[in-house]
Every structure is written in C-alpha cells, then in structure tokens.
Amino acid sequence: MDGARAWDERLAWAYGLISKDPGERAAALDRLADARKATDEAVERFNATLSALQEQGVREPYEVPELRLAHQEHLRIRGASLPDGLWDRWEHQDIADWPGLPYALLFLEWEARFPYEWTLTAKAWGTKERLIRDLAVDSVGRDPVARAKLIDLVEVVVRRAYRCKDREYVRVARVLDGTPLRVRLEAARRSENPWARLHAGYVLWMLDRPELPNSRCVWRTWLADARQ
1 MDGARAWDER LAWAYGLISK DPGERAAALD RLADARKATD EAVERFNATL SALQEQGVRE
61 PYEVPELRLA HQEHLRIRGA SLPDGLWDRW EHQDIADWPG LPYALLFLEW EARFPYEWTL
121 TAKAWGTKER LIRDLAVDSV GRDPVARAKL IDLVEVVVRR AYRCKDREYV RVARVLDGTP
181 LRVRLEAARR SENPWARLHA GYVLWMLDRP ELPNSRCVWR TWLADARQ
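In the working numbering, the protein residues as written are 1 to 228.
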C-alpha cells in the first residue's frame with residue numbers, strides 16, 4: 001500500500017493543473033499529456049503480450065510471468081497519470097485515511113476551476129461522480145483541510161452553469177452542512193448570477209429537507225416550482 005510520499009512522487013506535478021499561472025498550467029498539461037501517452041502505450045504492450053500468448057494456445061495467460069510483468073508495469077505507469085492514478089482505492093474502507101485523498105480533491109478542483117482544460121485533456125464523468133460520492137462521508141467532513149476544500153468547491157460549482165454530475169455535490173453539501181457553507185450558499189442565492197441563484201437555492205432547499213432523495217425528479221419538481 002502506497003503512502004503519501006509515493007503519491008507525491010507520482011503526482012505532485014498535478015498541482016500545476018490548478019495554478020493561477022497560465023505557464024504553470026501549460027507545463028502541467030504537457031506533463032499530463034506525456035503521462036496519458038505512456039499509459040496508453042503500456043496498455044498496448046499488455047494487450048500485445050496477451051494476444052501473443054493466446055495465439056500460442058496458452059490456456060492460463062494471466063499465470064504467465066511475462067503478462068504479469070506487463071500488467072504491473074501498466075499499473076505503475078498509470079499511477080502517475082490522471083484520472084487513471086485515482087482508480088485503485090479498494091484497500092481502503094475510509095477515504096479519509098486514503099493517501100490519495102489530496103489528489104482526488106485536486107482532480108475535482110481542476111474540473112471546477114478550469115473546466116475547459118479538464119474536459120479537453122482528462123474528461124472522466126464517471127470518475128468525477130464516484131469521487132464526489134466517495135467524499136460525501138462524515139469522516140471527510142470532519143477533516144478540516146478536506147472540509148475547507150469541499151466548501152470552496154461547492155461554492156464554485158453552484159456559481160457556474162450546470163455541468164455533468166454537478167448535482168452530486170448536494171451529497172457533499174449535506175455532509176458539510178453548517179454556518180460556513182450556508183453563508184456562502186445564501187450569498188450565491190442573493191447574487192446577480194442567475195446560475196448561482198438557481199443552484200444555490202436548490203442546494204439550500206435540499207439541506208432543509210434531508211429526507212428527500214437527490215434525484216432528477218426532485219430537481220425537476222423544485223425547478224418547476226421555482227420558476228412559477
């Protein structure tokens with residue numbers, strides 16, 4: 001199991017993706033492109049090895065050391081890329097104890113603050129959805145660093161036009177519910193930004209009704225009432 005140092009060695013460069021400096025972001029995007037290319041090449045080598053073994057009539061190719069090595073190499077290389085490096089968390093029951101937590105938050109912050117660059121270079125709606133759902137737990141809400149970051153993210157998301165899977169942040173808001181979050185949501189609801197008024201209004205309404213599911217049907221019902 002990798003610790004925080006191993007994660008930093010693989011992915012510390014990714015903090016450049018959320019830098020306010022365009023030059024730093026450009027350098028990080030170049031690094032990401034190289035990492036994704038290396039990952040694709042590792043997949044191709046694994047598939048070529050598997051295909052060759054199957055053509056040779058090997059009945060249990062996954063028991064062959066050569067294929068195992070190709071698989072291990074693929075995992076090693078993809079661990080230095082995004083979103084691929086975030087896909088192996090199965091050993092951890094609690095995401096708050098996961099050494100990769102800072103990079104899960106980074107990936108979501110990147111999508112929230114620089115959506116065009118995220119979509120162009122590493123679009124992964126399923127990964128976004130899974131990470132948001134995984135983070136919507138009390139243990140993460142009790143972590144002061146993660147809590148502060150997630151409050152920032154909820155505010156950023158409600159103040160923009162809706163993007164795929166954004167509604168999942170209602171789960172996070174329910175975990176973070178409290179004065180600091182509600183103050184920001186109320187400010188967004190009272191702002192001149194029509195998206196902010198709409199989205200923040202819905203999140204606040206849902207916070208007051210924890211028994212309601214965060215479903216598309218509930219959203220549509222609320223939206224119809226809000227527009228009357």
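Just so you know, the hints here were simulated from the structure itself, not pulled from any lab data. Treat each hint with caution, since some may be false.
Said to hold, decoys possible - Calculated lysine-lysine pairs in the DSBU-like style (CA-CA distance at most 35 Å, straight line):
| id | residue 1 | residue 2 |
| --- | --- | --- |
| 1 | K37 | K20 |
| 2 | K37 | K149 |
| 3 | K149 | K20 |
| 4 | K165 | K123 |
| 5 | K123 | K20 |
| 6 | K123 | K37 |
| 7 | K165 | K149 |
| 8 | K165 | K20 |
| 9 | K165 | K37 |
| 10 | K123 | K149 |
Cross-check of the supplied hints:
1. For the hint pairing K37 with K20, the CA-to-CA distance comes to about 25 Å; that is within 35 Å, so the pair holds.
2. This hinted pair checks out: K37 and K149 have alpha carbons roughly 30 Å apart, not beyond 35 Å.
3. The hinted pair formed by K149 and K20 meets the criterion: a straight-line CA distance of about 16 Å does not exceed 35 Å.
4. For the proposed pair K165 and K123, the alpha carbon gap of about 12 Å is at most 35 Å, so the pair holds.
5. Among the hinted pairs, K123 with K20 is consistent with the structure: their alpha-carbon atoms are about 20 Å apart, no more than 35 Å.
6. Simply put, K123 and K37 have alpha-carbon atoms about 15 Å apart, close enough for the 35 Å limit, and the pair holds.
7. With a C-alpha separation of about 18 Å, the suggested pairing of K165 with K149 holds against the 35 Å cut-off.
8. Taken as a hint, the K165 and K20 pair is honoured in the structure, with Cα atoms around 25 Å apart against an allowance of 35 Å.
9. In summary, the hint linking K165 to K37 is supported, as the alpha carbons are separated by about 27 Å, within the 35 Å threshold.
10. Taking the CA atoms of K123 and K149, the gap is about 21 Å. The hint holds against a cut of 35 Å.
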